[in-house]
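S.K.: In case you want the letters, here they are:
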Amino acid sequence: MSNPAKRRSVLGWLGAALAAVLLAGALPAGAHDEHGDHKVIAKGDKCVEDAAYMRRNHMKLLKHQRDETMHKGIRTTQYSLKNCIECHANPKTGSVASSKEDFCMGCHTYAAVKLDCFECHSTKPKAAGGTLHPIVAPSVQPEGTDKQSSLSGKMRWQMQANLASLNGGEGVK
Amino acid sequence: MSKMDNSRRLFIGAGAAATAGLVIAPGVTLLDLAHARPADEAASSAKRWGMLIDSSKCATGCNDCVAACGKENGVASTGHPETDPQWIRKVELKEIKTGTSHSLPMMCQHCAEPPCVDVCPTGASFKRADGIVLVDRHICIGCRYCMMACPYKARSFVHEEHEDQNPDVPRGKGCVESCTLCVHRIDRDQQPACVESCKEGAMLFGDLNDPNSEISKRIATYATTQVRADLGLNTGVRYQGI
Numbered sequence: 001m002s003n004p005a006k007r008r009s010v011l012g013w014l015g016a017a018l019a020a021v022l023l024a025g026a027l028p029a030g031a032h033d034e035h036g037d038h039k040v041i042a043k044g045d046k047c048v049e050d051a052a053y054m055r056r057n058h059m060k061l062l063k064h065q066r067d068e069t070m071h072k073g074i075r076t077t078q079y080s081l082k083n084c085i086e087c088h089a090n091p092k093t094g095s096v097a098s099s100k101e102d103f104c105m106g107c108h109t110y111a112a113v114k115l116d117c118f119e120c121h122s123t124k125p126k127a128a129g130g131t132l133h134p135i136v137a138p139s140v141q142p143e144g145t146d147k148q149s150s151l152s153g154k155m156r157w158q159m160q161a162n163l164a165s166l167n168g169g170e171g172v173k
Numbered sequence: 001m002s003k004m005d006n007s008r009r010l011f012i013g014a015g016a017a018a019t020a021g022l023v024i025a026p027g028v029t030l031l032d033l034a035h036a037r038p039a040d041e042a043a044s045s046a047k048r049w050g051m052l053i054d055s056s057k058c059a060t061g062c063n064d065c066v067a068a069c070g071k072e073n074g075v076a077s078t079g080h081p082e083t084d085p086q087w088i089r090k091v092e093l094k095e096i097k098t099g100t101s102h103s104l105p106m107m108c109q110h111c112a113e114p115p116c117v118d119v120c121p122t123g124a125s126f127k128r129a130d131g132i133v134l135v136d137r138h139i140c141i142g143c144r145y146c147m148m149a150c151p152y153k154a155r156s157f158v159h160e161e162h163e164d165q166n167p168d169v170p171r172g173k174g175c176v177e178s179c180t181l182c183v184h185r186i187d188r189d190q191q192p193a194c195v196e197s198c199k200e201g202a203m204l205f206g207d208l209n210d211p212n213s214e215i216s217k218r219i220a221t222y223a224t225t226q227v228r229a230d231l232g233l234n235t236g237v238r239y240q241g242i
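If you read the sequences in order, they're chains G and U.
Count the first sequence with the working numbering and you get residues 1 to 173, in order.
Count the second sequence with the working numbering and you get residues 1 to 242, in order.
If you're looking for bench data, these hints aren't it; they were derived computationally from the structure.
One or more of the hints may lead you astray.
[To be verified] Using 27 Å as the maximum straight-line C-alpha spacing, the simulated DSS-like pairs for lysine-lysine come out as follows:
| # | chain 1 | residue 1 | chain 2 | residue 2 |
| --- | --- | --- | --- | --- |
| 1 | U | Lys173 | G | Lys100 |
| 2 | G | Lys63 | G | Lys82 |
| 3 | G | Lys43 | G | Lys92 |
| 4 | U | Lys71 | G | Lys60 |
| 5 | G | Lys126 | G | Lys43 |
| 6 | U | Lys90 | G | Lys72 |
| 7 | G | Lys114 | U | Lys90 |
| 8 | G | Lys100 | G | Lys72 |
| 9 | G | Lys82 | U | Lys97 |
| 10 | U | Lys173 | G | Lys126 |
| 11 | U | Lys153 | U | Lys173 |
| 12 | G | Lys114 | G | Lys92 |
| 13 | U | Lys173 | G | Lys82 |
| 14 | U | Lys153 | G | Lys72 |
| 15 | G | Lys63 | U | Lys173 |
| 16 | U | Lys71 | U | Lys97 |
| 17 | U | Lys94 | G | Lys126 |
| 18 | G | Lys72 | U | Lys199 |
| 19 | U | Lys90 | G | Lys82 |
| 20 | G | Lys60 | G | Lys100 |
| 21 | U | Lys153 | U | Lys199 |
| 22 | G | Lys114 | U | Lys47 |
| 23 | G | Lys60 | U | Lys127 |
| 24 | G | Lys43 | G | Lys114 |
| 25 | G | Lys63 | U | Lys90 |
| 26 | G | Lys100 | G | Lys63 |
| 27 | U | Lys153 | G | Lys82 |
| 28 | G | Lys60 | G | Lys72 |
| 29 | G | Lys82 | G | Lys72 |
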């Protein structure tokens with residue numbers, strides 16, 4: 001038990017659990033989280049995945065989709081950059097990356113992570129009045145489902161966090 | 001009741017005939033009946049997209065295909081004509097002795113054996129399963145070997161920063177680019193922008209692998225040419241009348 005590698009992994013778990021609890025506190029439709037009010041989510045009540053999952057993994061989803069589209073011509077919309085921009089473009093600027101308030105730049109400026117997607121890709125949706133992804137479109141969702149789903153997401157995160165902290169507790173003893 | 005059903009069936013039949021019947025003349029259809037590929041299905045080598053250009057119909061001085069390409073793909077002049085990207089250009093051919101002249105559009109020939117793919121050091125230049133030769137800008141380092149290798153001078157380097165791209169056609173400084181055969185439109189079962197814009201009907205787009213497609217029938221019937229056929233590249237773009 002005094003193995004330092006093991007202790008490090010335990011600390012890692014605790015860190016992850018803490019992050020999970022913090023992230024679970026942020027509602028997907030809210031324009032602010034624990035880091036403050038720094039981005040605009042323009043349309044829809046729900047992202048294609050949990051907000052917490054998207055924060056960690058959006059780059060993986062986008063990179064996978066990018067190769068599928070470029071090399072195989074697979075043009076599903078769920079994880080496509082175009083579809084992200086469709087919902088997240090700031091109504092004021094019409095863009096996801098033209099100002100620090102815009103969706104992508106909000107976090108990327110805060111985290112000081114440079115992104116070069118928009119040196120080639122358009123930061124704006126194709127035309128005004130674009131359609132939302134079916135699973136995001138409020139009209140498709142029955143009333144109340146969105147809140148429920150985000151609540152269930154929260155509960156799932158909390159459960160995982162609790163489990164992680166339990167394991168961590170055992171490990172420390 | 002049965003009579004009503006029957007009449008409805010007849011009506012539907014007539015509608016289908018009208019849809020299928022966008023026929024200009026026997027054997028010349030306005031639209032190939034589309035076989036939509038679902039968005040989640042990868043492009044397959046069962047198809048090979050190609051184009052047949054009839055230079056006898058191509059009008060000297062007409063620039064519609066070039067303009068349509070520029071509009072669709074956002075390829076516009078940056079004020080530096082020496083380095084402006086060029087996806088498609090009009091070429092005038094003149095036989096010196098007789099004075100006969102021809103006009104034709106020249107662009108990426110979408111070779112089956114593309115030299116640009118052979119020389120690319122990063123794998124950015126590639127041929128999609130359905131025969132479309134593309135540049136993956138995520139991998140392209142802008143070395144321009146492919147521009148040297150292409151016998152058709154079809155590729156351009158982007159020297160200037162770009163803004164307000166068509167969301168379907170990402171473009172930016174530092175990469176090589178060329179005609180994509182409007183791959184984003186093909187994946188939606190549309191024709192390339194240049195083909196759609198040609199009022200003379202000089203450009204025909206279709207599947208070279210399908211013996212029943214209009215383009216295959218024309219190639220089987222008329223004498224067609226591959227530019228620099230001596231190089232054995234098996235181009236996807238063929239010409240008629242040169």
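S.K.: Output the numbers, in ascending order, of every earlier hint that fails for this structure.
M.R.: Hints 4, 6, 7, 8, 9, 16, 17, 18, 19, 22, 25 and 27 are the ones this structure does not satisfy, whereas the remaining hints hold.
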